[in-house]
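**Q** Here's the letter readout for the chains.
2 protein chains.
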Amino acid sequence: MTAEEGASAPPDDRAKERDLAKTRPKTAPKPEGERIVRIALDAMGGDYAPAAIVEGAIQAARDFADVRITLVGIEDVVKEEMARHGASPETISIAHAEEVIAMDEQPAAAMRRKKNSSIHVGIKMVRDGEADAFISAGNTGAVMAVATVLLRTIDLIDRPAIAATMPSQRGYTVLLDAGANVVCKPENLFQFGIMGSIFAEHSLDKPRPTVGLLSIGEEDVKGNPTTKEAFDLFSQSSLNFIGNIEAKLFYRGIVDVVVCDGFTGNIALKISESVAEMITVFLKQMFSASLSSKIAYFLMKSHLADFKRKVDHQEVGGAPLLGVNGPVFISHGSSSPKSIKSAIIRARKFVQEDVIEHIRENLAENKDILAHKEAKEEGIWTQLTKKIGFGQTGQESKDE
Amino acid sequence: MTAEEGASAPPDDRAKERDLAKTRPKTAPKPEGERIVRIALDAMGGDYAPAAIVEGAIQAARDFADVRITLVGIEDVVKEEMARHGASPETISIAHAEEVIAMDEQPAAAMRRKKNSSIHVGIKMVRDGEADAFISAGNTGAVMAVATVLLRTIDLIDRPAIAATMPSQRGYTVLLDAGANVVCKPENLFQFGIMGSIFAEHSLDKPRPTVGLLSIGEEDVKGNPTTKEAFDLFSQSSLNFIGNIEAKLFYRGIVDVVVCDGFTGNIALKISESVAEMITVFLKQMFSASLSSKIAYFLMKSHLADFKRKVDHQEVGGAPLLGVNGPVFISHGSSSPKSIKSAIIRARKFVQEDVIEHIRENLAENKDILAHKEAKEEGIWTQLTKKIGFGQTGQESKDE
Chain E
16 MTAEEGASAP PDDRAKERDL AKTRPKTAPK PEGERIVRIA LDAMGGDYAP
66 AAIVEGAIQA ARDFADVRIT LVGIEDVVKE EMARHGASPE TISIAHAEEV
116 IAMDEQPAAA MRRKKNSSIH VGIKMVRDGE ADAFISAGNT GAVMAVATVL
166 LRTIDLIDRP AIAATMPSQR GYTVLLDAGA NVVCKPENLF QFGIMGSIFA
216 EHSLDKPRPT VGLLSIGEED VKGNPTTKEA FDLFSQSSLN FIGNIEAKLF
266 YRGIVDVVVC DGFTGNIALK ISESVAEMIT VFLKQMFSAS LSSKIAYFLM
316 KSHLADFKRK VDHQEVGGAP LLGVNGPVFI SHGSSSPKSI KSAIIRARKF
366 VQEDVIEHIR ENLAENKDIL AHKEAKEEGI WTQLTKKIGF GQTGQESKDE
Chain C
16 MTAEEGASAP PDDRAKERDL AKTRPKTAPK PEGERIVRIA LDAMGGDYAP
66 AAIVEGAIQA ARDFADVRIT LVGIEDVVKE EMARHGASPE TISIAHAEEV
116 IAMDEQPAAA MRRKKNSSIH VGIKMVRDGE ADAFISAGNT GAVMAVATVL
166 LRTIDLIDRP AIAATMPSQR GYTVLLDAGA NVVCKPENLF QFGIMGSIFA
216 EHSLDKPRPT VGLLSIGEED VKGNPTTKEA FDLFSQSSLN FIGNIEAKLF
266 YRGIVDVVVC DGFTGNIALK ISESVAEMIT VFLKQMFSAS LSSKIAYFLM
316 KSHLADFKRK VDHQEVGGAP LLGVNGPVFI SHGSSSPKSI KSAIIRARKF
366 VQEDVIEHIR ENLAENKDIL AHKEAKEEGI WTQLTKKIGF GQTGQESKDE
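Protein sequence lines, in the order shown, are assigned to chains E and C. Residues in the first sequence are numbered consecutively from 16, following our numbering. Residues in the second sequence are numbered consecutively from 16, following our numbering.
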C-alpha cells in the first residue's frame with residue numbers, strides 16, 4: 016500500500032528505467048531533449064538515514080545519466096557513508112549542513128532554532144537556483160514549514176498541499192491534500208484540485224485528468240459544508256470535474272485526482288496502509304498454515320512478488336509539496352534505498368516536465384473563480400509564519 | 016472488509032451458534048437466563064429485498080429458539096416470499112406496511128411523505144413495546160431520521176451515531192460515528208465515546224474497553240480543533256481513554272473503540288472496503304495467472320475461505336444506531352441472507368445485555384463533564400426535525 020508520501024514511479028518511467036539500465040554504458044549521452052536535473056537530497060532525514068538515503072542516491076546516479084545529486088547533511092557522516100559504498104564523487108556531491116531536525120521534533124520550533132538544518136540548506140539551494148528540486152524523508156512538518164517560508168507559495172495559492180500518488184485497480188490516482196492542512200476552506204480545496212490536475216497531466220501522463228471531491232455521497236448536496244461550497248467552485252472551472260467521489264470507489268481508479276482536506280486525506284491514506292498491513296498478515300498466516308499452503312506459497316512465489324509490487328509504497332517514492340515556488344518532495348519516513356531512488360525518478364520527471372510552470376498557467380486560466388475566494392480571515396499559514404518569528408527575517412508571508 | 020454498517024458476530028456468539036446448531040432439536044428450550052427477543056425486520060429495505068431479508072430471517076428463526084421475528088412490509092409480497100421458502104409462521108410473523116422508502120430517496124422528504132413505510136411501522140413497534148429491536152438494510156438516512164424522531168435521543172445525548180464493528184488483527188474494533196453526523200462538536204464526539212465504550216463492553220464482551228480519538232498524530236496537540244477539544248473532555252472522564260490513535264494503527268486492533276465525526280468515519284470505513292476490494296482483485300488475478308498458481312489456489316482453498324471470512328462484511332451484520340431510546344440496527348444495503356442473520360444475532364445480544372440501560376448509567380456517571388457542553392447553538396438534528404415538519408406532530412425535539 017502506498018504511504019503518506021506515496022508518489023509512485025509511473026509505468027512508463029519504470030519501463031524507461033529498465034531500458035536505460037539495459038542499454039546504457041556508464042557515460043551514456045543524455046536522451047535528446049531531456050535536461051540535466053540537479054537534486055538536493057536530505058541525507059539526514061528518515062528512519063534509516065543516512066545509510067538508506069546514500070544508497071538510494073548511488074543507485075539513482077548509476078542508472079540515470081541526466082541526474083546530478085547533492086547529498087545535504089553533516090559532511091563527515093555523509094562522506095563515511097559514501098565511502099562504505101565505494102561511491103565515486105562524479106555525479107554525487109555533498110553540501111554540508113551542520114544541524115539535523117529529528118523526526119519527532121515540533122516543526123515550527125525546529126524551523127526557528129535550527130536554521131542550518133539539512134532541510135534549510137537543501138531548500139535554500141532550490142530557492143537560490145543551485146538545485147532544481149529538494150527531496151527529504153525527514154520531518155514532514157518541518158519540510159512543509161521551511162519550504163513555505165523560504166520558497167513562498169505560488170501566486171494565487173494560499174496553502175501548499177501534499178499530493179500522494181496511490182495505486183489503484185487501473186494505474187494511479189493522485190490524492191491531495193494528504194496531510195499538510197488540517198482545516199481547509201472551499202477555495203483551498205479548489206486550488207488543490209488545479210494543482211493536482213496539472214500534476215497528474217504532466218507527471219503521470221494523464222491527458223485531461225478527471226478531478227473528484229472525496230465525499231460521503233455522489234450527489235452535490237452530500238458532503239460537509241466545505242465540500243459543498245468547493246463543489247460549486249469546481250463546477251465553474253476549466254477542470255475536468257466529475258463531481259463527488261465516494262471513498263468506496265477510490266481504489267477502482269475511476270478518477271485521476273481526488274481532492275480533500277489534509278485531515279481526511281491523511282486518515283484515508285493511513286487507514287489504507289493499515290488495511291493492507293492487516294491483509295498481508297492474514298495472507299502470511301494463510302501461507303504458513305499447513306504443508307499444502309507452504310507448497311502453494313512456493314508455487315506462487317513469482318506472482319506474490321508481482322502482487323507485492325502493486326501495493327508496495329517503496330515503488331512509490333515521494334509526494335510533491337504542491338503550491339510552493341520550487342519542486343519539493345516528501346518521502347515516507349521509513350524510506351528504503353528503493354523508495355529514495357523512486358523519489359529521485361519522480362522529481363526528475365517533475366522538473367523536466369516543468370510542472371510548476373504549468374500550474375501557474377492553469378491558475379491564470381481560473382483566475383476569476385479564484386478571485387472570488389474570501390481572503391479576509393487570517394490563514395493558518397500566516398499564523399504559523401508569525402509564530403515561528405518569520406517576520407524577524409525581514410520577509411513577508413503572502414497571506415499578510 | 017467490513018461495511019458501513021459492519022457489526023460483526025463476535026467469536027463467542029459464533030461458537031454459541033455452532034453449539035446450538037449441533038445440539039438443539041427444533042423445539043429446544045431457550046437457554047437458562049436468556050429472554051425471548053422480538054425483532055422487527057424491515058422486509059423491504061436493501062438491494063436484495065425482500066428475498067435476501069426473508070431468507071435471512073428464516074435461517075435465524077430456525078437456529079435461534081429465543082428469537083421471534085416480525086417481517087415488516089407489504090403483506091402480500093412478504094407472504095409470497097415466505098411461501099417460496101416453505102416457511103412456517105410459528106416463529107415469523109408479518110406486520111403490514113403499505114409504503115416503501117427507496118434506497119436513493121431523500122431521507123427527510125421520504126420520512127415526511129411516507130408515514131406508513133416499513134421503516135416507520137417497524138420503529139413504531141419498538142417505540143410501542145411491540146418489538147425489542149428494529150433492523151433495516153434500507154435507506155440509512157431514513158432509518159436514522161425516523162428513529163431519532165420517533166424514539167428520540169437518550170437523555171444527555173444530542174445526536175445518535177452509527178457504531179460499526181470492524182475486523183482487526185486482534186478481534187474487533189468499534190468505529191463511531193460511521194456516518195450519521197457529517198459535522199460534529201467536541202461534546203458529540205465525547206458522547207459517542209461513552210456509547211461506543213458501553214457497546215464494546217456489553218455487546219462485544221470487552222472488559223473496560225480502551226477508547227481512542229481518530230487523529231493524524233498521537234500527541235494531544237495533533238488533530239483538528241474539534242478533536243483537540245474532545246481530547247480534553249475524554250481526559251476528564253471515567254472512560255478508559257488512551258488518547259489519539261493514528262489511522263495507520265487502526266487495523267492492529269490495539270484500541271477497542273475509535274471515535275471520530277461521521278464524515279471522517281464514513282470515509283475511513285468505505286476506503287477500507289475499497290482497499291480490500293482492490294487487493295481481492297489482485298489476488299484473484301494472481302491465482303489465475305498460470306498453471307502453477309491455479310494448483311496453488313486448489314491447495315489453498317480451505318485457507319482462502321478462512322481468509323475471506325476474516326475480511327468479509329457478511330460476517331458482520333448490522334451496526335447499531337446508538338443514542339436513540341431503542342435498539343435500531345442498520346445493515347449494509349447489499350445485505351445477503353447471511354448478513355441479515357448476523358444482524359439478528361447482534362440485535363439479540365444487544366437486547367439481552369440491555370446495552371441501552373448501561374449507556375444511561377454511564378452517562379449519569381459522566382454527567383458533570385456532559386453538563387459543560389455548550390447547548391446554545393441550534394443543532395443539525397433540531398433543524399432536521401423542524402424541516403420535516405416534526406413540530407406538527409405535537410412532539411418536541413429534545414434540542415429545542
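Since the hints were made in silico from the structure, they are not lab data. As the structure is a computational prediction, the values presented were derived from the model and not from experiment. Keep in mind that a hint or two might mislead.
Identical chains blur together in the list; that is why a pair holds if it fits in one copy or across any two.
Said to hold, decoys possible - With a cut-off of at most 25 Å between alpha-carbon atoms, the simulated BS3-like pairs for lysine-lysine come out as follows:
1. Lys-299 / Lys-309
2. Lys-299 / Lys-325
3. Lys-263 / Lys-353
4. Lys-130 / Lys-299
5. Lys-323 / Lys-309
6. Lys-129 / Lys-237
7. Lys-237 / Lys-299
8. Lys-353 / Lys-130
9. Lys-263 / Lys-129
10. Lys-200 / Lys-323
11. Lys-309 / Lys-130
12. Lys-316 / Lys-353
13. Lys-130 / Lys-323
14. Lys-263 / Lys-94
15. Lys-323 / Lys-263
16. Lys-200 / Lys-243
17. Lys-299 / Lys-353
18. Lys-382 / Lys-323
**Q** Against each hint, give a clear statement of whether it holds in the structure.
**A** We went through each hint and held it up to the structure:
1. Lys-299 / Lys-309: Both: 10 Å inside a chain and 18 Å across chains, each within 25 Å.
2. Lys-299 / Lys-325: Result: close both inside a copy and across copies, 17 Å intra and 14 Å inter.
3. Lys-263 / Lys-353: Intra 30 Å, inter 22 Å, cutoff 25 Å: inter-copy only.
4. Lys-130 / Lys-299: Neither. Shortest intra-copy (46 Å) and inter-copy (52 Å) distances fail the 25 Å Cα cut-off.
5. Lys-323 / Lys-309: Intra 18 Å, inter 19 Å, cutoff 25 Å: intra and inter.
6. Lys-129 / Lys-237: Between copies only: 22 Å across chains, 45 Å inside a chain, cut-off 25 Å.
7. Lys-237 / Lys-299: neither (40 Å within a copy, 34 Å between copies)
8. Lys-353 / Lys-130: neither (29 Å within a copy, 61 Å between copies)
9. Lys-263 / Lys-129: Neither: 43 Å inside a copy, 29 Å across copies.
10. Lys-200 / Lys-323: The answer is neither: 37 Å in one copy and 41 Å across copies each exceed 25 Å.
11. Lys-309 / Lys-130: neither (54 Å within a copy, 59 Å between copies)
12. Lys-316 / Lys-353: within (21 Å within a copy, 34 Å between copies)
13. Lys-130 / Lys-323: The answer is neither: 40 Å in one copy and 52 Å across copies each exceed 25 Å.
14. Lys-263 / Lys-94: For Lys-263 and Lys-94, the Cα distance exceeds 25 Å both inside one copy (48 Å) and across copies (35 Å).
15. Lys-323 / Lys-263: This pair counts as both: shortest intra-copy Cα distance 22 Å, inter-copy 18 Å.
16. Lys-200 / Lys-243: both (11 Å within a copy, 19 Å between copies)
17. Lys-299 / Lys-353: Within one copy only: 23 Å inside a chain, 27 Å across chains, cut-off 25 Å.
18. Lys-382 / Lys-323: Close neither inside one copy (43 Å) nor across copies (50 Å); limit 25 Å.
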